[in-house]
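J.: For reference, the chains in residue letters:
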Amino acid sequence: MIRNKRTGFGLQAVLASLLVAVIFLGGCTTTQNEKVYHVGVLSGLSFVADITDGLKAKMTELGYTEGKNIVYDVQKMDFDMVAYRSALNKFVDDKVDVIVVFPTEASMEAKKATEGTGTPVVFTFALIEGMGLVDSIREPGGNITGVRYPGPDIVLKRFEIMHEMVPQAKRFLVPYQRGYPIVDPQLEALRPAAEAAGITLVELPASNATELQAYLDPRNKSADAGFDAILIIVEPLAVTPDAFGALGKFAYEHKLPIGGALMAAGDYKSIFGVNVNDIAVGRQTAPLVDKVLRGTPAGTIPVVSADSYFQINYKAAQAFGLNVSEGLLARADEIIR
Amino acid sequence: MPTQNEAKKGRNFRSLTVTLALAFLALSTVVLLIASGLELYFNFQTQQQVIVSQQQLIAQDAANTVKSFVQDKFSMMESTASISSMAIENQEQQKNVLDKLLGREPSFRQLVLLDAQNRKLAEVSRLSQSASRIDSRLDSNLFAQIQDGEKYVSSVYIDNITSEPMMIMTVPVKDIFGDLKGTLVAEVNLKFMWDLVGRIKIGDKGVAYVVDRQGDLIAFGDISRVLRGENLIHLEKVNDFVSSKGLIITGESGTSKGIQGNSVIANYAPLGMPDWAVVVELPVEEAYQAVAQGVVMSALIMLLGIFLAVVAGIYLSRRITRPIIGLRDAAIKIGQGALDTQIEVKSRNEIGDLASAFRQMMDDLKKSRAKLEHHQQELEKNVDERTKELQAKVEELQKFNRLAVGRELRMIELKKRIRELESKRR
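Heads up: the protein sequence lines correspond to chains B and Y, in order.
Anchor point for the first sequence: position 1 equals 1 in my numbering, and the numbering is continuous, going up by one each time.
Anchor point for the second sequence: position 50 equals 50 in my numbering, and the numbering is continuous, going up by one each time.
Just so you know, these hints were derived from the structure itself, not from any lab.
These numbers were taken from a predicted model, which means no experiment stands behind them.
Take these hints with a grain of salt, some might be off.
Stated by the list, open to error - Capping the alpha-carbon separation at 27 Å, the derived lysine-lysine pairs in DSS-like fashion look like this:
no.: 1; chain 1: B; residue 1: K68; chain 2: Y; residue 2: K205
no.: 2; chain 1: B; residue 1: K90; chain 2: B; residue 2: K112
no.: 3; chain 1: Y; residue 1: K95; chain 2: B; residue 2: K170
no.: 4; chain 1: Y; residue 1: K100; chain 2: B; residue 2: K315
no.: 5; chain 1: Y; residue 1: K201; chain 2: B; residue 2: K291
no.: 6; chain 1: Y; residue 1: K205; chain 2: B; residue 2: K56
Said to hold, decoys possible - Partial pick of chain Y residues on the chain B-facing surface, computed with a CB cut under 7 Å:
no.: 7; residue: A26
no.: 8; residue: K95
no.: 9; residue: D99
no.: 10; residue: K100
no.: 11; residue: S128
no.: 12; residue: T162
no.: 13; residue: S163
no.: 14; residue: S224
Each residue gets a CB set at the ideal place from its N, CA and C atoms; glycine is no exception.
All chains, please: the whole structure from these sequences, using the hints.
T.: Here it is in structure tokens:
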């Protein structure tokens, strides 16, 4: 019998087409290597080092698992411009995907260190007013964005609360790190407010705790210390254990309330603190880091403002014999008893 | 004699098997396409109605969530204004009450108590006094709005320092007789609404956001866009809200461009008070996921159907044409003289009848041929016999002829002898 070859037409082709279609419709499952992001974190002030914990916690919620798809290179230090620069240069050399940096001075150094390198910077706990860190809140420009520290307002709030808690005090000692860039704008904001309230500011620039101690020692023997309360502004010296230890000891011995930043060194504690919540700020920073890692140019991401956080150490206030009003207690975000 | 293939080419041959298979495939495909198309169409219509209903519910639910944020603030302010007798307390007591209210609700940035003549009685703030910016908001426009003793919500404005959206809320402060004694004013930071809106779940990849009557974005999961002060009036649904007057939720679910630039199915629900709307968006691919799955399933079924149609078409066409091909091949062989060719067609149909007739024809042909051969043999035999007879007669004739010729020659000889004898005698 003669076989008609035409009857076997295209069967293979049809089967092949069907197979292709099934594969196409079923989708091809291919595994892609997930990118591992490298984040350099310059923790430039141990007083607020918990920011890193808040950052990591929120990053985890956003889908970044440390060691799996994100690696943090955390460089911890206190105010030291040389060390800041060294850590930042290392980040740039390592070609990290983003640098997270705090506080203000380290952030300014980060802006300088990354210029022209393409490494994005997300600052946090940084004062931006008058610092030249960003062009504007809405359009930071360059390759930088971050979480703004509401510095000038916080220092004024510290002043107002101190005045409210210790209304009889007319002279506030204001110790600060000599030459620290963000101090001047605060003092400029503080001076007219103090003048309006009839308060004298006793400004005390110092390079370290030893200098502070040297200032306080002669006043130990004097009946009048020369000030009625100690106001800690936003700066890195008074919040170091040694410096606060010296200030706290003097304050407790002379019954001079000390407050502004919530601190404790041994038995010496400040009566209140107005600051931003470290963990909350870290968490606020994470979505910005996430956007940068997803490819959004940092300079186009608006700067976020941190909220102030008011804490009262009621026990310390009582130790100084202060009567804290119900209204002030009601306004506090946290009361330590 | 031309070959079979040459003959096919010469006649522009088209295989009946192919024709039948193609016809079967075409018919099956058309039926499948029509059936799948109708199924998809009705599925799409149903899905679209489901999406519209779901979107409306989600939008309304989201709107209620946002509205409750504002209503909670009003409730707190009204409770404070009524329970604490703010209208008759002294300034220190009034400040204490405001302090407590400020401490209780983090979204209140500043609180101000005004008397009936809109003079400031007490003020508390999370900001320092020098940073307080509420005074610029306490103007004649605001006073005109609150003079009738009703609750009031201002339009949203952006804080110059933080770029955060803020608004003013007021409630009347009345004494026990219900007489208006003042107004409690709160500056509310709407960033505390961001988390609330960010948590609203719209499918897997859907989003919800809040816009005001100008189309300005005031709450969205991506806060950087809010801080940028984006106006979204270019988005269809936002534009619908801005252009509309009432509180109607749209019932359409057409595709439009979403806040993230993708194609979405969007809907919105106005809040009424405040004059905002919550817009919910669901990516088209997610909204129509069920339809897409139906399309894929239908396509797979259709492909399977086509495959089966091809197989069945080939099988059936072969089954139909095989006897015909058998007959054709047999005819070719028979034509070449192979009369013993077997026709193996056992179909019980017209082709079977044809094969039987063909076989009968073959038998008849064979019989005729045998008969013919027999006649031929007979004829040959007769011819042989006749030939032999004829040959014998020819030989006989030849013999006779020889005899006759001899006699004639003898006669001629004799006559010649006679004449010679006669001449000699003369």
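J.: Determine for every hint whether it applies to the structure shown.
T.: Hint-by-hint comparison with the structure:
{"no.": "1", "hint": "K68(B) - K205(Y)", "result": "24 Å, holds"}
{"no.": "2", "hint": "K90(B) - K112(B)", "result": "14 Å, holds"}
{"no.": "3", "hint": "K95(Y) - K170(B)", "result": "24 Å, holds"}
{"no.": "4", "hint": "K100(Y) - K315(B)", "result": "21 Å, holds"}
{"no.": "5", "hint": "K201(Y) - K291(B)", "result": "20 Å, holds"}
{"no.": "6", "hint": "K205(Y) - K56(B)", "result": "24 Å, holds"}
{"no.": "7", "hint": "A26", "result": "14 Å, violated"}
{"no.": "8", "hint": "K95", "result": "6 Å, holds"}
{"no.": "9", "hint": "D99", "result": "3 Å, holds"}
{"no.": "10", "hint": "K100", "result": "4 Å, holds"}
{"no.": "11", "hint": "S128", "result": "3 Å, holds"}
{"no.": "12", "hint": "T162", "result": "4 Å, holds"}
{"no.": "13", "hint": "S163", "result": "5 Å, holds"}
{"no.": "14", "hint": "S224", "result": "5 Å, holds"}
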